[in-house]
Amino acid sequence: MVENRPWLTVLAHATLIAGIAAIAFPLYLTFVASTLTLNEIVEVPMPLLPGGQFWENYSRVLTAGTAFGAKAPVGRMLLNSLVVALVISIGKIAISIIASFAIVYFRFPLRSFFFWMIFVTLMLPVEVRIIPTFKVVSDLGMLNSYTGLTLPLIASATATFLFRQFFMTIPDELAEAARMDGAGPLRFFWDVVVPLSKTSIAALFVIQFIYGWNQYLWPLLITTDESMYTTVIGIKRMIPGGDAATEWNLVMATAMLAMLPPALVVVLMQKWFVKGLVEQEK
Amino acid sequence: MEKRVVFRSAWLPYALLAPQIAITIIFFFWPAFQAGYFSFLLQDAFGLKTEFVGLQNFVELFNDEHYLKSFKITAHFSALVAFSGIAISLLLATMADRVLRGALAYKTLLIWPYAVAPAVAGVLWAFLFAPSIGVFTYALKQFGVDWNWALQGDQAMLLVVIASVWKQVSYNFLFFLAGLQSIPKSLIEAAAIDGASPLRRFWTVVFPLLSPVTFFLLVVNIVYAFFDTFGVIDATTEGGPAGATQILVYKVYHDGVKAGDLGGSSAQSVVLMAIVIALTVAQFRFIERKVQY
Numbered sequence: 001m002v003e004n005r006p007w008l009t010v011l012a013h014a015t016l017i018a019g020i021a022a023i024a025f026p027l028y029l030t031f032v033a034s035t036l037t038l039n040e041i042v043e044v045p046m047p048l049l050p051g052g053q054f055w056e057n058y059s060r061v062l063t064a065g066t067a068f069g070a071k072a073p074v075g076r077m078l079l080n081s082l083v084v085a086l087v088i089s090i091g092k093i094a095i096s097i098i099a100s101f102a103i104v105y106f107r108f109p110l111r112s113f114f115f116w117m118i119f120v121t122l123m124l125p126v127e128v129r130i131i132p133t134f135k136v137v138s139d140l141g142m143l144n145s146y147t148g149l150t151l152p153l154i155a156s157a158t159a160t161f162l163f164r165q166f167f168m169t170i171p172d173e174l175a176e177a178a179r180m181d182g183a184g185p186l187r188f189f190w191d192v193v194v195p196l197s198k199t200s201i202a203a204l205f206v207i208q209f210i211y212g213w214n215q216y217l218w219p220l221l222i223t224t225d226e227s228m229y230t231t232v233i234g235i236k237r238m239i240p241g242g243d244a245a246t247e248w249n250l251v252m253a254t255a256m257l258a259m260l261p262p263a264l265v266v267v268l269m270q271k272w273f274v275k276g277l278v279e280q281e282k
Numbered sequence: 283m284e285k286r287v288v289f290r291s292a293w294l295p296y297a298l299l300a301p302q303i304a305i306t307i308i309f310f311f312w313p314a315f316q317a318g319y320f321s322f323l324l325q326d327a328f329g330l331k332t333e334f335v336g337l338q339n340f341v342e343l344f345n346d347e348h349y350l351k352s353f354k355i356t357a358h359f360s361a362l363v364a365f366s367g368i369a370i371s372l373l374l375a376t377m378a379d380r381v382l383r384g385a386l387a388y389k390t391l392l393i394w395p396y397a398v399a400p401a402v403a404g405v406l407w408a409f410l411f412a413p414s415i416g417v418f419t420y421a422l423k424q425f426g427v428d429w430n431w432a433l434q435g436d437q438a439m440l441l442v443v444i445a446s447v448w449k450q451v452s453y454n455f456l457f458f459l460a461g462l463q464s465i466p467k468s469l470i471e472a473a474a475i476d477g478a479s480p481l482r483r484f485w486t487v488v489f490p491l492l493s494p495v496t497f498f499l500l501v502v503n504i505v506y507a508f509f510d511t512f513g514v515i516d517a518t519t520e521g522g523p524a525g526a527t528q529i530l531v532y533k534v535y536h537d538g539v540k541a542g543d544l545g546g547s548s549a550q551s552v553v554l555m556a557i558v559i560a561l562t563v564a565q566f567r568f569i570e571r572k573v574q575y
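Sequences listed follow chains A and B, in order. Under this note's numbering, residue 282 is the last one in the first sequence; the count climbs by one each step, no gaps. Under this note's numbering, residue 575 is the last one in the second sequence; the count climbs by one each step, no gaps.
Please note: incorrect hints may appear among the correct ones.
[To be verified] Distance condition first, Cα-Cα at most 25 Å in a straight line; then the derived BS3-like pairs of lysine-lysine:
#, chain 1, residue 1, chain 2, residue 2
1, B, K389, A, K275
2, B, K540, A, K135
3, B, K467, A, K275
4, A, K271, B, K389
Don't read these hints as lab results, they were simulated from the structure.
Only chain B is shown next, with the shape it has when bound in the complex (with noise of 0.2 Å):
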């Protein structure tokens, strides 16, 4: 798609163009360029001597069993959180394209935790869940359940999935409602004149129909789980108990500034980079098969 009409100057695109392209470059290119630099470099440990170490720091990588159960838990916990955060959006979603009373009012209080930030929704959470004073920890203890999140790994990763899924489940629905709103009337109307219940038209119409919108969901939620949640990490269980919530990009986090592993934690981020770069070829491929229809 190109526009018919230009303008021409020798020198005003670029100038027009100068800003965005000079922060590009100074903060975008030349520090993922240095990544994949020190990921070749050893330091010693009081950082005075640097060695070139080739890809030793990925074999070294992927030999660590820390590194590859961190993978394994960012795995789960994407899934948990794409998978979770989809089908509770999916449902009110449904429900709120069914109703004609107060649409706007459902949709204003369902819209609100998008603009609450990751750290401050672990924040609440934490409270909510503390070990010794939350409210939901006190309910739990009176159905005989013993909640200790800062002791037990599977409660740590409970905790951290609800209050991802949590702030962004508003996002999934607005997505959800805009594309069951899209969907024509007349093809519900069609199935229903046939004979079809509410539930078996949702599972052989709209459902289907809404799969690109699923699948960019299914992927937006895989990069928020992976990059995003950093913030509800770091406020409620900073990695632990023991590295169970210890996701990749918080590795990076804490190999890199706490525990100041640098060629480690640049292999880590290279690794990081190609699998956002795989997750948007991804996306962009599909997105470019919508067009085509």
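Chain A with its partners taken away, still in its complex shape (with noise of 0.2 Å):
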């Protein structure tokens, strides 16, 4: 602070917390929501309480899901995609490292034709290839898979840039003296590299497991099998429209179930993420 003026500062503290008011009022009336029951909130307007039927509906959606929308256990749903965000942050972040360990460390022909076949996937983002994507993974008979789900979209220029641009920064004598002590490079990768690369390691698994977990447009179009269903795909099954009422207390349940991993992650990882996020943009 560069000089001190109270009423600045109390007009600072006032900004954020109407900010953060504005922002969390949304998620706690998804919680109160989630803890009536359906009559208490299609009686307008409903209680700004949270009401008795927490775990009712929380074990409800767990294990049998809704009526009248999808049928899956939220249980299932949440295991898949774990297992998609864990696959996918995982698997881009090995095949990234790699990748950039080749193209830094390495001189060899076509280098430079591979680096840009990596960065112009920068420009074809799933939403605009979706009908021929869907079609060769339809070919591939990955419908309905894990394979499927995650495949496709563990290719990631922006994790291969990061790495380069954090490789750029080891020193080169590390890789001397690496040479000299007859370590051939897997070993030096293993045994300098990895254990370097730790933070940044950390950083992209924090965004790119926040990018699995709410991947929607790829597993809408191909998952046709309820029990494949991820939990953000769950969420938007559970809501039948037409004349179908929606179980809204079970899917307010379901979305508290679907945003409390990732928030987890965001929040007990936040130096990492932060980092990670301002990075990877530069």
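Assemble the dimeric complex from its two separately framed chains, guided by the hints.
Structure, rendered in structure tokens:
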């Protein structure tokens, strides 16, 4: 702070508190709705304090799903989301780190060609090539499978760039010393590069875990089998539309469950997350 | 920038690159190539016959008033999302940069919506604004506002904008905060000694210094509004009512998946790819320029 202006400090706190309240209010109401009965919710206006249905609603969705919308239990969906998020985040990190290692630490024909090939994938988000990608995955027989849910999303130009950038900052002396001691490239990779990259790996993990957990369009297209739904898709499927009543209390309990794991990852790994996010874009 | 010390191997670098390149070819280049190819084809209603029609799909596309309307809606939508998202987060970041006490707590409480899936954000806001049972709908009714986004296009647009901005504020906030914290305190102090008020300091010193971050966020937010908000829209309005919230990416999905118009949808994909490429180039041009400083 440059100078002491008490009223400005008060204003700053007030604005921040108002901002947090506005951002948190939907979350609070979601939680409230997830502890009520459906009748309490549809009676306008719904109560603004939590009700007594917490265990009933949560255990109901975890084991049985809804009556009118998707009937798959949310426990299974959470497992699917977890598998998808972990495979995508770990897979992305694994294939990107070795690809950047090859690009940074070797000279070989077509090196820059491969680099550019990875680079242009930045320009092809899944949303613009929905139908042909769907066709490829369906031709490969990967519909309704974990492979189909994860593999097409594993290639990542951003992760490759981040590692490349980081590797450029590793002092050349380390590679020289390793070579003099007779260590091959793979030995150098495992014993020097990977331990040094720990922070970047942690940062990328947070970002990619959230990316994987929150996938929507892709699982929507390739999962028709209820047992392969991810949680985010499950919520959408629980809202039947048309005349059938939406069981909002159960939908909201599922929404809470869908938000909890990624929010925990962000809050608990905040330091790495912020570092990774801000550095990724540099 | 190149490494001075490198390893030598005839096969290892290719083996290390193989997984990334294989996935890239199978799931990126091949589908993108097919989207380009399909966009020149016309399929009959039963999917039995396809013929090569050249640029006819594109010509039809740009003569289709629904498509042109969708363009306009997308421009409108992304301008609203980018502008309000950036304005709100800049305000919050400026305030958060000022406070000393509780800074970490504020930050933690502001960043969690980043973790919320766009589709879930959509469901949350759709519930709050639900035409019959929503809490906000009820409150608005007390003020005499007849709220029903299922029927009124403007309100549907407002709903998806609110849900999209709500989710994106935390991302913008973190970038602005990092930008503000990297501004040398001596500059602000010098301005303060010269007698500039906090507001004046903000507009003449801080804001110009933040302009690279702001520009970067503008591009990111436009890309976000173009593509990542698919979940918000599909979980709430599904492009309705009467196409009032049908942004381009939703139309690709709707025409290709729901209406089964392969050629038309692929032509739209090609147009979208051109837009992404333009945006990415803009972003990198700008980053290159920043590096030269």
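Quick rundown of the hints versus the structure:
no.: 1; hint: K389(B) <-> K275(A); in the structure: holds (14 Å)
no.: 2; hint: K540(B) <-> K135(A); in the structure: holds (15 Å)
no.: 3; hint: K467(B) <-> K275(A); in the structure: holds (22 Å)
no.: 4; hint: K271(A) <-> K389(B); in the structure: holds (11 Å)
When the structure is compared with the earlier hints, no violation turns up for any of them.
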